[in-house]
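Residue numbers (the numbering used here), protein chains in the order written: chain F, 1 to 112; chain L, 113 to 225.
Hints listed in this document are in silico derivations from the structure and should not be mistaken for laboratory results. The reader is advised that the hints may include incorrect statements.
What the hints assert, rightly or not - If you only want the chain F side, here are some residues facing chain L, beta carbon under 8 Å, derived:
{"hint": "1", "residue": "Q31"}
{"hint": "2", "residue": "S32"}
{"hint": "3", "residue": "F34"}
{"hint": "4", "residue": "E43"}
{"hint": "5", "residue": "P44"}
{"hint": "6", "residue": "L46"}
{"hint": "7", "residue": "S49"}
{"hint": "8", "residue": "M93"}
{"hint": "9", "residue": "L100"}
{"hint": "10", "residue": "F102"}
{"hint": "11", "residue": "G103"}
{"hint": "12", "residue": "K104"}
{"hint": "13", "residue": "G105"}
Stated by the list, open to error - Simulated crosslink set (BS3-like; lysine-lysine; CA at most 27 Å straight-line):
{"hint": "14", "chain 1": "F", "residue 1": "K104", "chain 2": "F", "residue 2": "K79"}
{"hint": "15", "chain 1": "F", "residue 1": "K79", "chain 2": "F", "residue 2": "K45"}
{"hint": "16", "chain 1": "F", "residue 1": "K45", "chain 2": "L", "residue 2": "K123"}
{"hint": "17", "chain 1": "F", "residue 1": "K45", "chain 2": "L", "residue 2": "K182"}
{"hint": "18", "chain 1": "F", "residue 1": "K104", "chain 2": "L", "residue 2": "K123"}
{"hint": "19", "chain 1": "F", "residue 1": "K104", "chain 2": "L", "residue 2": "K169"}
{"hint": "20", "chain 1": "F", "residue 1": "K79", "chain 2": "F", "residue 2": "K42"}
{"hint": "21", "chain 1": "L", "residue 1": "K123", "chain 2": "F", "residue 2": "K42"}
{"hint": "22", "chain 1": "F", "residue 1": "K42", "chain 2": "F", "residue 2": "K104"}
{"hint": "23", "chain 1": "L", "residue 1": "K182", "chain 2": "L", "residue 2": "K169"}
{"hint": "24", "chain 1": "F", "residue 1": "K104", "chain 2": "F", "residue 2": "K45"}
{"hint": "25", "chain 1": "F", "residue 1": "K42", "chain 2": "L", "residue 2": "K169"}
{"hint": "26", "chain 1": "L", "residue 1": "K123", "chain 2": "L", "residue 2": "K169"}
{"hint": "27", "chain 1": "F", "residue 1": "K45", "chain 2": "L", "residue 2": "K169"}
{"hint": "28", "chain 1": "L", "residue 1": "K165", "chain 2": "L", "residue 2": "K182"}
{"hint": "29", "chain 1": "L", "residue 1": "K123", "chain 2": "L", "residue 2": "K182"}
Glycine is no exception: its CB is placed at the ideal position from the N, C-alpha and C atoms.
Chain by chain, the residues:
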Amino acid sequence: RKEVEQDPGPFNVPEGATVAFNCTYSNSASQSFFWYRQDCRKEPKLLMSVYSSGNEDGRFTAQLNRASQYISLLIRDSKLSDSATYLCVVSHMNSGYSTLTFGKGTMLLVSP
Amino acid sequence: DAGITQSPRHKVTETGTPVTLRCHQTENHRYMYWYRQDPGHGLRLIHYSYGVKDTDKGEVSDGYSVSRSKTEDFLLTLESATSSQTSVYFCAISGEGRGQPQHFGDGTRLSIL
Numbered sequence: 001r002k003e004v005e006q007d008p009g010p011f012n013v014p015e016g017a018t019v020a021f022n023c024t025y026s027n028s029a030s031q032s033f034f035w036y037r038q039d040c041r042k043e044p045k046l047l048m049s050v051y052s053s054g055n056e057d058g059r060f061t062a063q064l065n066r067a068s069q070y071i072s073l074l075i076r077d078s079k080l081s082d083s084a085t086y087l088c089v090v091s092h093m094n095s096g097y098s099t100l101t102f103g104k105g106t107m108l109l110v111s112p
Numbered sequence: 113d114a115g116i117t118q119s120p121r122h123k124v125t126e127t128g129t130p131v132t133l134r135c136h137q138t139e140n141h142r143y144m145y146w147y148r149q150d151p152g153h154g155l156r157l158i159h160y161s162y163g164v165k166d167t168d169k170g171e172v173s174d175g176y177s178v179s180r181s182k183t184e185d186f187l188l189t190l191e192s193a194t195s196s197q198t199s200v201y202f203c204a205i206s207g208e209g210r211g212q213p214q215h216f217g218d219g220t221r222l223s224i225l
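Starting from the given sequences, assemble the full structure and let the hints guide the process.
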């Protein structure tokens, strides 16, 4: 079983749509969770951390279900600039530093 | 943006030659990482460092070595480059403490012919 699994997509949505991505992880000892965004031929950039109670940052909402080992990202009112690959990332601590495991990403294409 | 600079940004070289990639940070973070990213594989950890002269292997360390003589610099060396090491290489840094995310440099595109 892959450690972090995501639907690769692409998800094709029109501007203004709401889109949701899901991610599952296999390591029950995972302690921290993140969504990163990666534009084509660019570095991954932190989009948001994911907290147990769920959290929101503008149009973006992240949810965590530890029992099901499942993370989600909801994007409301999609913009053309949201087109990117979204990476689900989980971490666990190892001797004081964080080891990150990356999903392969879900591609989002927002069209006019 | 996190103060991370990778050099060179692009490099083309031949099989069998040595290659060194440099990662420089201005954040004074203790932890530094080298990843490679390939189609179909996502990001994979090569080596990491948890302090000056303190390094350890990651998931795909064969064929790579690292050195960290100063807090701000983390070097990745391919002693004898092979075509399978053609990839995009990212350096990342993170602060101490639980739940700290990593922040990435711009990447180095390396082609081994």
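Checked hints:
| no. | hint | in the structure |
| --- | --- | --- |
| 1 | Q31 | holds, 7 Å |
| 2 | S32 | holds, 4 Å |
| 3 | F34 | holds, 5 Å |
| 4 | E43 | holds, 4 Å |
| 5 | P44 | holds, 5 Å |
| 6 | L46 | holds, 5 Å |
| 7 | S49 | holds, 6 Å |
| 8 | M93 | holds, 6 Å |
| 9 | L100 | holds, 6 Å |
| 10 | F102 | holds, 4 Å |
| 11 | G103 | holds, 7 Å |
| 12 | K104 | holds, 4 Å |
| 13 | G105 | holds, 7 Å |
| 14 | F:K104 to F:K79 | holds, 23 Å |
| 15 | F:K79 to F:K45 | holds, 18 Å |
| 16 | F:K45 to L:K123 | holds, 23 Å |
| 17 | F:K45 to L:K182 | holds, 25 Å |
| 18 | F:K104 to L:K123 | holds, 25 Å |
| 19 | F:K104 to L:K169 | holds, 21 Å |
| 20 | F:K79 to F:K42 | holds, 19 Å |
| 21 | L:K123 to F:K42 | holds, 16 Å |
| 22 | F:K42 to F:K104 | holds, 15 Å |
| 23 | L:K182 to L:K169 | holds, 19 Å |
| 24 | F:K104 to F:K45 | holds, 14 Å |
| 25 | F:K42 to L:K169 | holds, 25 Å |
| 26 | L:K123 to L:K169 | holds, 24 Å |
| 27 | F:K45 to L:K169 | holds, 24 Å |
| 28 | L:K165 to L:K182 | holds, 8 Å |
| 29 | L:K123 to L:K182 | holds, 24 Å |
Checked against the numbered hints given earlier, this structure breaks none of them.
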